[in-house]
Amino acid sequence: MNFKNMKPIISLSPHVHGGDSVQKNMFGVCIALIPALIASLYFFGLGSAIVLLTSVAACVFFEWAITRFILGRERLTICDGSAVLTGLLLGFNLPSNLPIWIIIIGALVAIGIGKLTFGGLGCNPFNPALVGRVFLLISFPVQMTSWPLSGQLGYLDAETGATPLALMKLAIKEGDTSYLDQLPSAFDMLVGQTGGSLGEVSALCLLIGCCYMIWKKIITWHIPVSILGTVFVLAGLFHLIDSSYANPVQVILAGGLMLGACFMATDYVTSPMTAKGQLIYGCAIGVLTVLIRDFGSYPEGMSFAILIMNGFTPLINTYVKPKRFGEVKK
Amino acid sequence: MKTFHIGGVHPAENKLSAASPIRTAAIPKQAVFSMFQHIGAPAVPVVKKGDEVKVGTLLGEAGKGLSVPVFSSVSGKVSKVDAVLDSSGTRRMAVIVDVEGDEWEDHIDRSDKLVTFKDLGSITAEEVIRRIKAAGIVGMGGATFPTGVKLMPPPGTKAEAIIVNAVECEPYLTADHRLMLEKPEQILVGIQLIKHAVNCPKAYIGIEMNKPDAIKLLTDLLKEKAAQYPGIEVVPLKVKYPQGGEKQLIDAVIGRQVPAPPALPINVGAIVQNVGTVYAIYEAVTKNKPLIERIITVTGKSVAKPTNFLARIGTPMQQLIDEAGGLPEDTGKIIGGGPMMGRALMSLEVPVTKGSSGLLLMTEKESRRGEVSPCIRCAKCVSACPMGLEPYLLASYTRLKDWDGCEKNDVTSCIECGSCAFTCPSNRPLLDNIRVAKQTVMGIIKARHMEAIKK
Amino acid sequence: MNVILIAVIVLGAIGLVSALILFLAAKKFAVHEDERIGKVAEVLPQANCGGCGFPGCSGFAGACVKAADKGSLEGLLCPVGGQPVMEKVADILGMKAEASAPKVAVVRCNGTCESRPRIAEFDGAQSCRVQNMLGSGETACAYGCLGCGDCVAACQFDAIHMNPETGLPEVDDEKCTACGACSKACPRGVIEIRLKGLKNRRVVVLCNNKDKGAVTRKACTVGCIACQKCVKVCKFEAITVEGNLAYIDAEKCKLCRKCEDECPQNAIHAFNFPPRKPKAEAPAAEKPAAVAEKPAANEATVPVGSPTGNVEPAKEQ
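Chains D, C and W supply the protein sequences, listed in that same order.
For the first sequence, counting from 1, position 235 maps to 235 in our numbering; every step adds exactly one.
Just add 330 to the spot in the second sequence (first one is 1) and you have our numbering.
Just add 785 to the spot in the third sequence (first one is 1) and you have our numbering.
Since the hints were made in silico from the structure, they are not lab data.
Treat the hints with care, as some may be off.
Each computed DSS-like pair below joins lysine-lysine, with the alpha-carbon atoms no more than 27 Å apart [what the hints assert, rightly or not]: (1) C:K738 x D:K276; (2) C:K359 x C:K407; (3) D:K7 x W:K997.
Reference listing, derived: stretches of chain D covered by chain C, where coverage requires no fewer than 3 residues with Cβ under 8 Å from a Cβ of chain C [as the list claims (entries may be wrong)]: (4) 6-19; (5) 121-132; (6) 320-326.
Estimated spans, in silico, between C-beta atoms of each pair [stated by the list, open to error]: (7) D:K323 x C:L730: 18 to 28 Å; (8) D:I70 x C:D660: 40 to 50 Å; (9) D:L156 x C:K738: 54 to 64 Å.
Glycine included, each C-beta is placed from N, C-alpha and C at the ideal position.
If we strip away everything but chain D, and leave its shape as in the complex, we get:
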């Protein structure tokens, strides 16, 4: 080829790219959620399918409709996979017998208020799925706290019962350890024989997903490990002091802790940028979660803890800097 006929492209270095993309990361998280998805379908059947489908569809629809018609943007943002992910995570935070209209409201709040009011992906200060969940939790406390038992494959008619967390709360409130005896075994909780929201059901599947994300370098280990570690240590301390507090293994496996630690707190946009900051953030979430669970009025504190720390993320980013190369320790 003759150079004269060619108009070379010029740009500053680097001239190659690693090939990573927003889509790859978002759908990577979705793939990591597949084991948990299968578990939730296995344990909750039809209800799970309806809730998840509705949630994902509603989130994608709202993302498209709002960016297109309200914000008037030409760029199609639903392809980046973030709306799908928000939908999945929102669905995982809901009980399998939730009516469709409530789910749609949740999706609207998550996408509309949680994300797009702030400018869309990358600009939201709070995790959109959690904003949706907490909104529903406060607006529809009855529906949002009656958790179907594991193995209830129906939809609206699923039988509900006390979750392990509710039992733990009762044990603390009344100082009666007999409630703790009613808890399922740690193994059952790990595999998923407990009541709760869709995503909480199987801690094992969530852990598998988490390992996948760390292996694929979608997330780093800092946030999940620091949250789980802090909760384990703190709950263990309480358990040692007073046996009406549940044992730390069960505390870690119960409720949304695993889902929160692996998938919600690790959300890119709302977590700190540096490894040090992520450790601080994770530990603070752990402490808050234990405090809310043990002393708050709600049995579950994970979503509140994450949202509170989301609010502190900018502060952490401002004050916690990575170690500069060659920095001399003062």
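Starting from the known structure of chain D, arrange chains C and W on it as the hints suggest.
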């Protein structure tokens, strides 16, 4: 396995020309010698139109301050002394020589015979440095810093380790790799000369694990002739970009971190020399041969014959491409240097210079950057940055023109390695913006400095 | 009753103590600022554009007061407010304002997509400063407009816009306050802050290329080749050629427009003159006409690359 301690990325290696032996490129019909082949003041032309020159004739003497001389690599007649387009993309002063024959200056030893350190007798350190300076040698890894200056540590500092940079962490490039395979002993003698020049007992050769043949060859050679080459050690390094960065290499090899500018590697007792520079030093000191040729990798996925050329400085790039099988049809971008830090060229008339380590022809498809989308704050740039900076933050400050914020967040420490932009899932032009900030902040600091002096 | 009384007393006491603290603090930490600074700042436009060379309007007000104490307001000008504002400032400070002629930003490059062929394609952050780091950039001219619109982004007054057809910025004379922000933003110094001229009329060399004539001619069909013809034709010694580039001194120029006719490259343009009397094929040099008038014949003199003829859409941020 040793490596540097902060950040780093793993670009696809694509060392297409690793197995192709060094080939001597044809002497060009016309050679262009830029007076700006190094960092610092340009060389000053000492020839005029019509002058006869030989291979090794001085064309430009070193300018004032930081500078090196420029020599002719061809024989012939000076056709003009004028500003021409060079790899920087601008027109700058150069000497253009029309080639006639191939006559060399008499003082240059053209034989291939190995001259050992012993053969040189009692050569003084000053003499070694004088010959290096006189030969116009600069850092040949691409930074083109005058080598003679680097070998004279400022008062109060002492060289404790010579580190030979044979990392070649840039994808595609194989010039240093081939040089090590084909001229191992010459390189070892060159290292001895540097050790002698700065009176330093210890030298390390840092080589990445993707060049096992070079590691083996040099290790065996050192074992075999341990008495002849004392105090030299091969250090295999884990493959990670930007290991060839001076600061990263020092960290990887001897575990010391050079503090932020204005500190220099010598402040932690290290002197880093590229392996190509070491070879040039060998030739300059033992053979009286100025820096007139270098090894350059011409490569690319569509290039017919990716080759390592031994090319005369001043050879137009077009000629090397022709020798490597011509310009591929689907070429989109032409890069002088490697893909991570090289410069995109606008013309193929650009000559080979002292710092040209490679010529990379990228296909049209590879050349275009992906569509930019908003930052998702994934923090991958922060963990990729080998200097421990926050590229996302610096880029946002640049957009806001908050130069104070950039300065406080150490933008001047950026080594422009491109790891941040390489890793960004949103394809954001992080380094483009950081360069703007770095330039501006450097200007502000300089202005402040001048103001302080005035007062 | 007792409760109310206690509440009133306690609150009253707190109030009194706080008031005392505030009073003492105000006395102790009072900052004495020259009241004239505030007054001057009031008459300034408060655009905080920095065009005066000081950090914002209050910075400029402070500088004015300081200068007034020294006895002269010379060299101080609010480019946005211009003469009227400076007169007000002088009034407040009891001084006389120095007369200064109004200025305007002028883009000294006419290298449109047609007259200056693109020899490369720029990819990266859409910023002139970034493109400028790549040598001559998309065209072969290392001095001309880069077309990424750094100046547009810098303008606080919405007075400069990219023309997508030419790929060059155009200044709105009405809105331009000559604050100089665009000029500072341009990495190549293409934009000059120039005297506005009588009735807004001015004659300008629309080129910034300091290369030798032959090189310039290769890069652009309307570049100044430093042929000196304009210098010879000018009766008022207003034109100088320095570094291969002609420059018209606006203070000496008498707006005779002889140089415009003489320039072989059409690099000299006259702005805001009434149309000339119909002479033999001398088109009126209105602003837009300057762009369109390039005849196709000139293409023969462009050996570098081949002008595609297509008008490339200018890249904007």
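Against the structure, the hints:
Under the criterion of a C-alpha separation no larger than 27 Å, the hint pairing C:K738 with D:K276 is consistent with the structure, at around 19 Å. Pair hint C:K359 plus C:K407 holds up; C-alpha atoms about 11 Å apart against a cutoff of 27 Å. Only pairs whose Cα atoms come within 27 Å are accepted, and D:K7 paired with W:K997 is accepted, the gap being roughly 24 Å. Restraint check on the segment 6-19 of chain D versus chain C: 12 residues with Cβ-Cβ distances below 8 Å, three needed, restraint holds.
Counting residues of the segment 121-132 of chain D whose CB lies closer than 8 Å to any CB of chain C gives 3, so the stated coverage by that chain holds, three being the minimum. Counting residues of the segment 320-326 of chain D whose beta-carbon sits less than 8 Å from any beta-carbon of chain C gives 6, enough to reach three: the coverage restraint holds. The supplied range of 18 to 28 Å is met by D:K323 and C:L730, whose beta-carbon atoms lie about 25 Å from each other. At roughly 43 Å, the beta-carbon separation of D:I70 and C:D660 lies within the given 40 to 50 Å, and the hint holds.
For D:L156 and C:K738, the Cβ-Cβ distance of about 57 Å falls inside the hinted range of 54 to 64 Å, so the restraint holds.
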